[in-house]
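S.K.: Take a look at the letters that make up each chain.
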Amino acid sequence: MKSHTEYLWFNTQKRRELVNITDTIEHIVHSSGISEGFCLVSAMHITAGVFVNDEEDGLKSDIWEWLESLAPYRQDYRHHLTGEDNGDAHLKSLLIHHQIILPVTDGKLDLGPWQQIFYAEFDGQRRKRVIIKIIGD
Amino acid sequence: MKSHTEYLWFNTQKRRELVNITDTIEHIVHSSGISEGFCLVSAMHITAGVFVNDEEDGLKSDIWEWLESLAPYRQDYRHHLTGEDNGDAHLKSLLIHHQIILPVTDGKLDLGPWQQIFYAEFDGQRRKRVIIKIIGD
Amino acid sequence: MKSHTEYLWFNTQKRRELVNITDTIEHIVHSSGISEGFCLVSAMHITAGVFVNDEEDGLKSDIWEWLESLAPYRQDYRHHLTGEDNGDAHLKSLLIHHQIILPVTDGKLDLGPWQQIFYAEFDGQRRKRVIIKIIGD
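Protein chains in written order, with the numbering used here: chain D, 2 to 138; chain P, 2 to 138; chain S, 2 to 138.
Simulated from the structure, these hints should not be mistaken for laboratory data. Each hint should be verified, as a subset may be incorrect.
You can't tell identical chains apart in this list, so a pair holds if it fits in one copy or across any two.
[Unchecked claim] Calculated cross-link-like contacts (lysine to aspartate or glutamate; reagent style EDC-like; alpha-carbon spacing at most 16 Å):
hint : residue 1 : residue 2
1    : 3         : 107
2    : 109       : 138
3    : 61        : 86
4    : 3         : 138
Okay, chain D solo, but in the shape it has when bound:
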């Protein structure tokens, strides 16, 4: 069994941002030399997420509006008694989930035609990490 581990750093300009990382992950899979296996893409911070969906601007706006409606920014989260103001970012991370597993087949990401991989930043403007770990043969 082979394994390959890399860490991606993000420091988004806006507090909330979606970053399409499909090509980056494809490149890492290629450089790993693993042809059959699983690729884990997992946020290492608890106010960010990773998900798979469509690269379409309207939909991305819909996703932000939806996340805000189900896990809204509020002043009065109890978490804010610690001095933080990112309670919504923790809940958005739980809602969208912080990780995905991508199948690797014949040395490539085995994705459907419209599947794109996104890093979702919910409390950015500072350095945060995502682990990419591939295991297989």
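Using the hints, position chains P and S against chain D.
M.R.: Just chains P and S now, with coordinates in the frame of chain D:
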């Protein structure tokens, strides 16, 4: 390390449908010859999901009602400016999640007594795929 | 490839409870002797969840309030026609998700600085299981 990859095709009669795929996955695990490992079950389309829960009709109705309340069908998603009308299906897919990892132990799915595996179609009546990939020994 | 499987049993005093299992999982990873791989932590019951977030009391209260607002306890779930009264627990499990994959690097859980692992019990006061399965080398 061994790996085994199959693709399941679905073409549901209704636009929204739950399909219990537990026996199908168990059969694929058996035919893989892998006795210890992980089985990924992942929708390859962005308007479908895969989840584990109970095979009980009342609960399945509750799940549909709940999905509709949190990710409702609406005319006015921005995504619909592309001509699509499936914005809710994208959000339902994000909510329920599009994939699961099943443990394989002693050549079998290592599930709890009531755990059943479902393919959740949110925009069907056309051919869509799910990847089943098992790695292990 | 090596694999290591353990089962954790929970029998919570309260019906709803969060249990921080980070140290337990770290110990299992250490005892597995696996240095590079993936660790699956997956609830084997359909009214419990497993997630990664922050060990902070205020936030944990926020998470409970949020789960209750999005997947509330109600008398009138159709599932309750079976005699059960835990419909909300099934929906909370779907919302928070029932499993995570943890990367194992250099024989340790490869977690970010604030990532803690929680077992979320939504219908406790009885014995329930979580599978921990590690594969790698």
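S.K.: Please go over all the hints and tell whether each is borne out by the structure.
M.R.: Verification of the supplied hints:
In this assembly of identical chains, the alpha carbons of residue 3 and residue 107 lie at most 16 Å apart whether taken from the same copy (15 Å) or from different copies (14 Å). In this homomeric assembly, residue 109 and residue 138 come within 16 Å of each other (Cα to Cα) only inside a single copy, at 13 Å, whereas the closest approach across copies is 22 Å. For a Cα distance limit of 16 Å, the shortest separation of residue 61 from residue 86 across copies, 15 Å, qualifies, whereas the shortest one inside one copy, 24 Å, does not. In this assembly of identical chains, the alpha carbons of residue 3 and residue 138 lie at most 16 Å apart whether taken from the same copy (5 Å) or from different copies (8 Å).
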